[in-house]
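A.B. asks: Sequence:
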Amino acid sequence: MNIVVTHHGARFMGRDIPCSLGRGGIVAAKDKREGDGATPAGSHRIVGMLYRPDRLVRPATWALPIRPSDVWSDDPTDPDYNLMARAPHGFRHERLYRADPLYDLILITDWNWPYAVKGRGSAIFVHCWRGPRYPTAGCVGFDRHDLIWIAARIRHQTRLIVRH
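Going by our numbering, the first residue of the sequence shown is number 22, and it counts up by one from there.
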């Protein structure tokens, strides 16, 4: 039931699925830093699912809607670093309600969460990709249809396992 990711793609429930990784490649978890564009190796629990209700049918009963004011803090000086917040937000952040489809569906991992170490990196999401082999900012990206298929099948114990 785990999503296993390598430089060559992902495997889930017996299927090989293409994916995109961070522009900084896969790095050891101890070396991950905010803004490095790297995807951290390791076993990461999936702790949440967000979706755009104006663009998608709810992909799972436990998925929560993304609202226009929802943001994710990526500012190490923010007391809410690596947490979801609401705009207006006085610290550097990333909008979750985007004009493009990248965040129409997001699986949230437990990378540096719930007690974030400042500067260790924020928001390792599983989200829609821009296209095959187009790098992310450190997250794992999938084709929209593959991600919807995955989201409908993951369970509480499902992990994102990133291997070097």
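It is possible that part of the hints are untrue.
[To be verified] Okay, the calculated beta carbon distance ranges per label pair:
(1) 86 x 66: 33 to 39 Å
(2) 46 x 140: 27 to 33 Å
(3) 116 x 164: 18 to 24 Å
(4) 166 x 100: 34 to 40 Å
(5) 107 x 135: 29 to 35 Å
(6) 52 x 108: 30 to 36 Å
(7) 140 x 66: 33 to 39 Å
(8) 100 x 27: 14 to 20 Å
(9) 166 x 88: 21 to 27 Å
(10) 154 x 109: 33 to 39 Å
(11) 120 x 69: 18 to 24 Å
(12) 35 x 109: 19 to 25 Å
(13) 182 x 112: 17 to 23 Å
(14) 111 x 39: 23 to 29 Å
In short, the hints are calculated from the structure, not lab data. On a predicted model such as this, the values are computed, not experimentally measured, just so you know. Beta carbons: idealized from backbone N, C-alpha and C, even for Gly.
A.B. asks: Against each hint, give a clear statement of whether it holds in the structure.
C.D. replies: Here's how the hints hold up against the structure:
| no. | hint | verdict |
| --- | --- | --- |
| 1 | 86 x 66: 33 to 39 Å | violated (22 Å) |
| 2 | 46 x 140: 27 to 33 Å | violated (19 Å) |
| 3 | 116 x 164: 18 to 24 Å | holds (22 Å) |
| 4 | 166 x 100: 34 to 40 Å | holds (38 Å) |
| 5 | 107 x 135: 29 to 35 Å | violated (18 Å) |
| 6 | 52 x 108: 30 to 36 Å | holds (32 Å) |
| 7 | 140 x 66: 33 to 39 Å | violated (22 Å) |
| 8 | 100 x 27: 14 to 20 Å | violated (36 Å) |
| 9 | 166 x 88: 21 to 27 Å | holds (25 Å) |
| 10 | 154 x 109: 33 to 39 Å | holds (36 Å) |
| 11 | 120 x 69: 18 to 24 Å | holds (22 Å) |
| 12 | 35 x 109: 19 to 25 Å | violated (46 Å) |
| 13 | 182 x 112: 17 to 23 Å | violated (31 Å) |
| 14 | 111 x 39: 23 to 29 Å | violated (39 Å) |
In summary, the structure is inconsistent with hints 1, 2, 5, 7, 8, 12, 13 and 14 from the numbered list given earlier, while agreeing with the others.
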